[in-house]
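K.L.:
Take the two lone chains, each set in its own frame, and fit them into one complex as the hints suggest.
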Amino acid sequence: MGVSFAQLRSEIATNIGVLAGFNLAKMAPAYFGRQQNTVAHKSYVVGVDSTTATTERQRRVVGVYASTNVVVSFAHRLRPLDVYPTDYDQTLDVEQTVINAVLGTYSTNNAFTIRYNGTTRSVVDSQEYMIVQLQFTALHTIQP
Amino acid sequence: MSDIPYAPQIKVPELLERGKSQLSQLPIYRNGALVAPTEVRYTLFDPTQKKLIDNALGTYPANIPEYTHATNLLDGQQLGEGYIQEWKITIVGRVYTFRRMCAVVLRRLYPVVSDADLTSTYSQLADLRPSSLTSYQTYIDEAWYTMIQRMRNEGGGLEYLVMSAEAFRSAHQNLALYYVFRDFHSSLGQSNGRYLDLANEHYTQYKTEWKQINFVYDHNHTGASDNPDQRVAKQPVIYLCNPGRLGNFRGRRK
Chain L
0 MGVSFAQLRS EIATNIGVLA GFNLAKMAPA YFGRQQNTVA HKSYVVGVDS
50 TTATTERQRR VVGVYASTNV VVSFAHRLRP LDVYPTDYDQ TLDVEQTVIN
100 AVLGTYSTNN AFTIRYNGTT RSVVDSQEYM IVQLQFTALH TIQP
Chain C
0 MSDIPYAPQI KVPELLERGK SQLSQLPIYR NGALVAPTEV RYTLFDPTQK
50 KLIDNALGTY PANIPEYTHA TNLLDGQQLG EGYIQEWKIT IVGRVYTFRR
100 MCAVVLRRLY PVVSDADLTS TYSQLADLRP SSLTSYQTYI DEAWYTMIQR
150 MRNEGGGLEY LVMSAEAFRS AHQNLALYYV FRDFHSSLGQ SNGRYLDLAN
200 EHYTQYKTEW KQINFVYDHN HTGASDNPDQ RVAKQPVIYL CNPGRLGNFR
250 GRRK
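Protein chains in written order, with numbering that gives the first Met the number 0: chain L, 0 to 143; chain C, 0 to 253.
One or more hints might be untrue.
[Stated by the list, open to error] To be clear about the criterion: a stretch of chain L counts as covered by chain C if any three or more of its residues have a C-beta under 8 Å from a C-beta of chain C, and this derived list gives those stretches: (1) 4 to 13; (2) 79 to 87.
[What the hints assert, rightly or not] Within a straight-line C-alpha distance of at most 25 Å, the following computed DMTMM-like cross-link-like pairs (lysine to aspartate or glutamate) qualify: (3) Lys50(C) x Glu38(C); (4) Lys41(L) x Asp126(C); (5) Lys25(L) x Asp126(C).
Hints listed in this document are in silico derivations from the structure and should not be mistaken for laboratory results. Heads up, the beta-carbon is just placed ideally off N, CA and C, and yes, glycines get one too.
Extracted from the complex, chain C is given alone in its bound form (with noise of 0.2 Å):
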């Protein structure tokens, strides 16, 4: 029997603190439930395929695997991306390696947007919360894992670099907003209405608030920011034409 494809819930790249205990855990998926491991494993590489950690043996409480890092692992380890956890996980008696990206920060980037500020633009919203839930929290933090992922493809920077958290909280309310009215339009099966409206219009003001973020931003990893008074744009400005030839540029002086 070929190898059944489990999935590793792995919604960004795993970042590890310098100088902190740290847990990482890779809870893995096959139809709609957790699957039970019987044996957790686990390799750190370093960028240049260094082992750090040498196939240690891992936990798994609750069928969540799981392994804690020591608070000194990291110590004089270079700062950024390129590092790799392996995790051979064994189920139902066969060996499986998921492998998922990690990097070493110094400090990782925390949401700013909670529940109350989305019950603060709507009032009405903590009334239509569902009854199977207790706070938004399900839609917002979907929306910073979609809004981080987005952020590392588009190379628009990596998030353990941005300084100024509040950067992100606009667009990170408006898809929060367009998760939440997007679910409720959808649990109502209608082909229009108000919460397809207001789900549109959040998108849409997503979709400006992203392109119009900037931050500071610590270019060196030194955990401080390069000029706090310069802000860098996520979003690059790309010029689609070259400087005119011969110098003759209007207004420039020869």
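Chain L with its partners taken away, still in its complex shape (with noise of 0.2 Å):
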């Protein structure tokens, strides 16, 4: 069964919403850090960033395997007064939240399997929120 890369990213994000406070930002994924200060706590994005192609047979019947990274981003606010450690740490327990979310089951039975690569968590200037990248591997045929 193939899925898209619309419905991967579609898959994803609503795995992701259901967490309490998250919402889905207008942005798009390139733009995220320019979301507004009033709306960016819990915001998220899903980037499907890039792709490569499996080295198997790719047929018409079968599809094509493909090997799609995908970019979580979302924001989570640090207060003034508690920015470390604090809610620092609070961000650190979402992220881990969030990563169970994208590794949990989908409504499309499974159809796609998805891995964890890694973080990157960086502080806005301002040091207002914290932007969390999670970075995924999901492994999906493509139906021409």
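P.N.:
Below, the structure written as structure tokens:
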């Protein structure tokens, strides 16, 4: 069963969207850092950044077996008097919850498999938010 | 050894309302901690230096010296300023005497700004509240005491004679928000930023609001406004010029 790129993004976004307080941002993933302050807390984006075809036979009836890099970014508020370590730790806990959600089960009956690769964490210059970028690899088949 | 400069917490003069049993407290601090007294004596002088209470024994629950005034103590006493509280407090075997100015009033003035007045203007403010606080009350209280003190220092009147408490609302709200955002900015250790911008904005607004305060005032200590239709400006208008000589004011009739 094939899973399109858009379906892949949508499935992952839905899994994160059910977490308490999470809202899909209206920014393109590459511009996520420009999200307005007032709605930035627990806003997230799911970017389907790049795809590589695996070295298998590519047949129209089977589809193309592909490996897609998925980047999930979310922002977490740092309260000015609790930046470190209280809210820093809280962000790390939330990050773990997001990873679990992405690695969870999907409505497409697990037509793709997903693997967690790593995290990049940064704090914006104003120290108001921490931005967490999670890298995943999804293995799925694209039906031509 | 010379006397240690203990610091009694006196933010504004004590107000004693007539016909009401009231508790006066005088917490004393040194090195960031409450000082433990071993004896508390309390004297209350009227404006003529007559003792209304003479060296009465006070208590100090949780190390806070306090004295409860009887309900009828101030019956017939002159209203207004000039009363003095004198606390003789024994600390580590030595007696220290602290004085606090006091006024006898009919009613005290209460602030009208609460936590909800701050969070209603900034939807984010409730979420930014530090984990150590359940409200922004400390900032609100500090702003209130600063305003009362400033009003007295500038000769803008006596706060307990103001009948219309809402006159202070905007200035109080802006000064409290200034303290909140300044604290946020200070915690982040930056030279600029959104919190500093907001702090400066609210301080500017506070200064403007402060100049414009006017209220209904009870000049005669009667408990009623002298003229409810005529509001009194907190800040007097000062004319820096004389009227024209020889009566030749423009438009003036001869």
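K.L.:
For every hint, state whether the structure bears it out.
P.N.:
Here is what the structure says about each hint:
no.: 1; hint: 4 to 13; in the structure: violated (count 0)
no.: 2; hint: 79 to 87; in the structure: holds (count 5)
no.: 3; hint: Lys50(C) x Glu38(C); in the structure: 20 Å, holds
no.: 4; hint: Lys41(L) x Asp126(C); in the structure: 12 Å, holds
no.: 5; hint: Lys25(L) x Asp126(C); in the structure: 22 Å, holds
In this structure, only the earlier hint numbered 1 is contradicted, and the remaining ones agree with it.
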